[in-house]
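Quick note, the sequences are listed as chains H and F, same order.
Quick note: the first sequence uses the numbering used here, first residue 58, plus one each step.
Quick note: the second sequence uses the numbering used here, first residue 29, plus one each step.
Any given hint could turn out to be false.
Just a few of them, taken from the derived set where beta-carbon distance is under 7 Å, the chain F residues facing chain H [stated by the list, open to error]:
1. Val125
2. Arg128
3. Met133
4. Phe135
5. Asn139
6. Pro142
7. Lys162
Okay, derived cross-link-like pairs now, SDA-like style, lysine to any residue, Cα gap no bigger than 20 Å in a straight line [unchecked claim]:
8. Lys108(H) to Val295(H)
9. Lys236(H) to Ile101(F)
10. Lys96(H) to Ser299(H)
11. Lys236(H) to Glu232(F)
12. Lys247(H) to Gln188(F)
13. Lys236(H) to Ile127(F)
14. Lys217(H) to Gly103(F)
15. Lys137(F) to Lys96(H)
16. Lys137(F) to Pro225(F)
17. Lys65(F) to Glu232(F)
18. Lys65(F) to Asn55(F)
19. Lys217(H) to Lys108(H)
20. Lys217(H) to Lys240(F)
21. Lys236(H) to Lys72(F)
22. Lys185(F) to Pro225(F)
23. Lys236(H) to Lys65(F)
24. Lys236(H) to Thr222(H)
25. Lys162(F) to Lys108(H)
26. Lys137(F) to Leu223(H)
27. Lys72(F) to Glu232(F)
28. Lys217(H) to Ile102(F)
29. Lys247(H) to Ile102(F)
30. Lys236(H) to Glu100(F)
Simulated from the structure, these hints should not be mistaken for lab results.
Cβ atoms here follow ideal geometry from the backbone N, Cα and C, with glycine treated the same way.
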Amino acid sequence: MNRYTRRKITEKIMFFLSVMSAFIGIVVLFLILGYVIYKGAGGLNIDFFTKLPTPVGVPGGGMVNALIGSFYLIGLASLFSIPAGILIGVYLSEFGRGPFASAVRFVSETLTGVPAIVTGIFAYSVIVIPMGRFSALAGAFALSLLMLPIITKSTEELLKMVPETLREASLALGIPRWKTIIRVVLSTAKSGIITGIMLAIARVGGEAAPLLFTAFGNSYMTWRPDQPVASLPVQLYVYAISPYEDWHQKAWASALVLMGIVLITNIVARIYARDK
Amino acid sequence: MQEINKEFRVRSSEFGDKAKFIIEGLNAWFGRNQALKNINMSVKQNEVTAIIGPSGCGKSTFVRCLNRLHEEIIGARCEGRVIFDGKDIYDPDVDPVLIRRRIGMVFQKPNPFPAMTVYENVVAGLILEGRKKKSELDEVVEKFLRLAALWDEVKDKLHQSGARLSSGQQQRLCIARTLAVEPDVILFDEPTSALDPISTAKIEELMQGLKKDYTIVIVTHNMQQAARVSGYTGFFLLGELIEFDRTNKIFTNPANRLTEEYVTGRFG
Numbered sequence: 058m059n060r061y062t063r064r065k066i067t068e069k070i071m072f073f074l075s076v077m078s079a080f081i082g083i084v085v086l087f088l089i090l091g092y093v094i095y096k097g098a099g100g101l102n103i104d105f106f107t108k109l110p111t112p113v114g115v116p117g118g119g120m121v122n123a124l125i126g127s128f129y130l131i132g133l134a135s136l137f138s139i140p141a142g143i144l145i146g147v148y149l150s151e152f153g154r155g156p157f158a159s160a161v162r163f164v165s166e167t168l169t170g171v172p173a174i175v176t177g178i179f180a181y182s183v184i185v186i187p188m189g190r191f192s193a194l195a196g197a198f199a200l201s202l203l204m205l206p207i208i209t210k211s212t213e214e215l216l217k218m219v220p221e222t223l224r225e226a227s228l229a230l231g232i233p234r235w236k237t238i239i240r241v242v243l244s245t246a247k248s249g250i251i252t253g254i255m256l257a258i259a260r261v262g263g264e265a266a267p268l269l270f271t272a273f274g275n276s277y278m279t280w281r282p283d284q285p286v287a288s289l290p291v292q293l294y295v296y297a298i299s300p301y302e303d304w305h306q307k308a309w310a311s312a313l314v315l316m317g318i319v320l321i322t323n324i325v326a327r328i329y330a331r332d333k
Numbered sequence: 029m030q031e032i033n034k035e036f037r038v039r040s041s042e043f044g045d046k047a048k049f050i051i052e053g054l055n056a057w058f059g060r061n062q063a064l065k066n067i068n069m070s071v072k073q074n075e076v077t078a079i080i081g082p083s084g085c086g087k088s089t090f091v092r093c094l095n096r097l098h099e100e101i102i103g104a105r106c107e108g109r110v111i112f113d114g115k116d117i118y119d120p121d122v123d124p125v126l127i128r129r130r131i132g133m134v135f136q137k138p139n140p141f142p143a144m145t146v147y148e149n150v151v152a153g154l155i156l157e158g159r160k161k162k163s164e165l166d167e168v169v170e171k172f173l174r175l176a177a178l179w180d181e182v183k184d185k186l187h188q189s190g191a192r193l194s195s196g197q198q199q200r201l202c203i204a205r206t207l208a209v210e211p212d213v214i215l216f217d218e219p220t221s222a223l224d225p226i227s228t229a230k231i232e233e234l235m236q237g238l239k240k241d242y243t244i245v246i247v248t249h250n251m252q253q254a255a256r257v258s259g260y261t262g263f264f265l266l267g268e269l270i271e272f273d274r275t276n277k278i279f280t281n282p283a284n285r286l287t288e289e290y291v292t293g294r295f296g
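Next up, chain F with everything else stripped away, as it sits in the complex (with noise of 0.2 Å):
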């Protein structure tokens, strides 16, 4: 296993000045238990990075700490280095709450704010922040709106609950609601797992139009998925990263037997 992450190291400089992100010797604990081991990875600019692995391999606690959400559990705690943009966003000087706002993220579960509107919802992180004025925002919600391929849909119900649309249009919602804050990178934590295929469709299609602007990590429980969707994937399983390489590689000429056996549905 270690040879694979000194192959990867390697990969890593291969992205020169397009690596959004330079992971190095990331470990992450819940409490005691260490939940990442020693993660060297990169993520390329403009680009779709999934990543695979069985339950509880550490997937969901990788992308969490790449916005700094991991720590905000209790008696959550990570250390290493995440270099975002050549800074390392655990330096003491970084404050957490202006990284979350460059990297967005989109959750497993839709989590609209129930007590706000459809319209409110989009523009929460600007509202919340003052960032801009109320005569800017009915453009803002419409142009997200539209990116997240949701406004055709409810333009007639911006004014209504956001908790009562389809689960598929939540969870457009929440997209649209963290594209507005205007990140560089949003990390995807199984975006789909709970919705029907329809949507599922709708989701990935918008993935592959974001890509051009922004930067993309999805973890995901579906391997088709991660093969429709990204560039590069990593696969991870019991904290480790296994393999990181081109997807079209991974799911075809895998380097490491592990990884082979988990692409080929022998596990996991």
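Bound-form chain H, shown alone (with noise of 0.2 Å):
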């Protein structure tokens, strides 16, 4: 066999290996949401969107407290990552040089790779503990200190995409320098900081270990932040883990809604970014 013939055949072998890892990747994925599907969808209905949990044994209820204060966690997370993320990032692109902006951007990595339990410890330990019980405030911390690293390193990598060229335009038409970051620099990033903003609520999103003795959980619907606060991925654990049939069904429906929104999130996300 010349070598021709063998790098021919290499290079199929190579191809089929790399569909094929590819393939069961992807059917990896659809394994795990038909499932959820086969399993949760039953278990959809009106109601689930609508109404409040009700005690073991009486059938129906829903999971509304849990489905808007997951919203309300994200929401609340999102007043604060979201500016001090974009700040940061714009600090780090625009002016970070020198020993600080080295170690704020070190720390921000290993902020990305902390685990989302550790930032739930941590915000026990200054807001939980201090104010003395369980809170959706303290419950959106630990979710912000996951948002922020990614918003954070998202804005800076794109804020670099925007050519020097475009900042030196605004400056010689006597622009000065923080209005051309907001109107020229900012401006021309925009639609890749909301597509890493939304990227950063995905995954977020499915967290239940930050909020387990955080927002820590509720029955009832609740808009205060001094108060706990239920969401979709605490209460999938609560009912997954509880001995009861019914519970077992709500929280299958819960992990397809979860997955849902998720999906949507960042199917939209990548839309965004493809439009522009």
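Fit the two chains together into the complex; they arrive one by one in their own frames, and the hints show the way.
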């Protein structure tokens, strides 16, 4: 066998292997999706989205508290992490030189790797213990610690992709640096930054660990930030480890809803990124 | 070389009150690398001054010192005096932002703001500073697009993205954007080096028209262009101003051997 044929055969084999690996990856994803739909679809009905949970043994009821609670927690977390993340990203990209900026960058990257449960413990010790109770605030704080480094990193990377010539064009028009950053640099990178934010939301939307001992959970609706609040992932966890068949069914349904939300957020983010 | 500079100082006074810029002892650095060495030169009002020289000779750095853009690069700095209408723009009480409104700049690569429409690009410098009422903007847009010889080509595309125009149109859009701020001086940093010959001809023609209202400094790699558009030419080499004189003298009878070798194409 000459070298040419051998090379052709190697190429064919490697191509087959890589296509197979891609296929397996996708199949696993669809298996999970399919199984969750299979187990969860039966528990989905209008009540699930509109009613509060019922006590054990009482049929019916829904998870509206957890659904709203999840959005509420993410909203609260975004209030802090989006502006802070964008500002840090602007600092790192536009001004970040020298040892301080390197330190900020390093800390931010380390924060990306901190396990979710650890941010939960941290929020527990700095907010829950001093306040004396679980609260939406503590939960949102834990989530925002997860979102912050993601938003910071994506903002920094996207701003760095804005060509230097645009900044110079703006400065040369007599537009001050701060206005150049807001009106030219940020607005050029706007859609990418929004995509980054949505991916950060999708990332924390399904987290239960940071909420277990911060937001804790609540069988009722509340908008008070100093009260415990329910969330889909935590409610899913509680229902899944319970011994009741009815709750298991609801846990599957909430898993399906949670996956749906994360998936939709991801898809919207990607469509948004492509449209620019 | 020092003699040439001295010879130039005489010429500097020749401009008298027609001198828009008087540059004295200008040095510029990028970190430790010195990019400009003791430049002494003047720029005459309502005239096109060309800056020529091989790559890396400091041409761009020189014009970027004239609107204080050089200092915006991290680690870059300069020393010396750049007297603009009788006032040193490097005096501590001068705000570089205000200087840049009077000394506009057009860059090598067309750089319209991609997030803005053609219309918004033209008035970018004005809306960002809130210097004009909304009702006046339509007029401003038409006026400066006409001045930049672009109006007929884009009048139906005013609300499309500026990034969708051809590169020649983009460059004229950048010129319109610069003109709209109503500067006294326009610095062109190799404005046509990324353009085709037809776009280049349009921009050169445009420059001739602008001369009566503006003072123009153009950096160019293209010696024919310098010869065509400018009244005065400065030849830079390795960060030094080798010769500065009337353009026809530089191209027909240069005083310095290096200038002669460059303009006749023996190096660079």
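*For the pair supplied as a hint, Lys236(H) and Lys72(F), is the alpha-carbon distance within the 20 Å limit?*
Given pair Lys236(H), Lys72(F) is violated - Cα atoms ~33 Å apart, limit 20 Å.
*Hinted pair Lys236(H) and Ile101(F), Cα distance within 20 Å*: Holds, at about 17 Å.
*Holds or violated: are the alpha carbons of Lys185(F) and Pro225(F) at most 20 Å from each other?*
With a Cα-Cα distance of about 24 Å, the restraint between Lys185(F) and Pro225(F) is violated, given a limit of 20 Å.
*Holds or violated: Lys65(F) with Asn55(F), Cα cutoff 20 Å?*
5 Å, holds
*Does Gln188(F) lie within 20 Å of Lys247(H) when you go C-alpha to C-alpha?*
18 Å, holds
*Restraint outcome when Met133(F) is required to lie within 7 Å of chain H by C-beta distance*: Holds: closest Cβ of chain H sits about 4 Å from Met133(F), inside 7 Å.
*Is the hint on Phe135(F) kept, meaning its closest Cβ partner in chain H is under 7 Å away?*
At about 6 Å, which falls below the 7 Å cut-off, the nearest Cβ of chain H leaves the hint on Phe135(F) intact, so it holds.
_Hint status (Cβ of Pro142(F) to nearest Cβ of chain H, threshold 7 Å)_ = Nearest chain H Cβ about 6 Å off; hint holds.
*Lys137(F) and Leu223(H): Cα distance at most 20 Å?*
10 Å, holds
*Against chain H, with CB atoms and a cut of 7 Å, does the hint on Asn139(F) hold up?*
4 Å, holds
*Would you check the hint for Lys217(H) and Lys240(F), treating anything up to 20 Å between C-alpha atoms as holding?*
40 Å, violated
_Given a cut of 7 Å on the nearest C-beta pair, is the interface hint for Val125(F) held or broken against chain H?_
5 Å, holds
Hints 7, 11, 15, 17, 19, 20, 21, 22, 23, 25, 29 from the earlier list are contradicted by this structure; the remaining hints agree with it.
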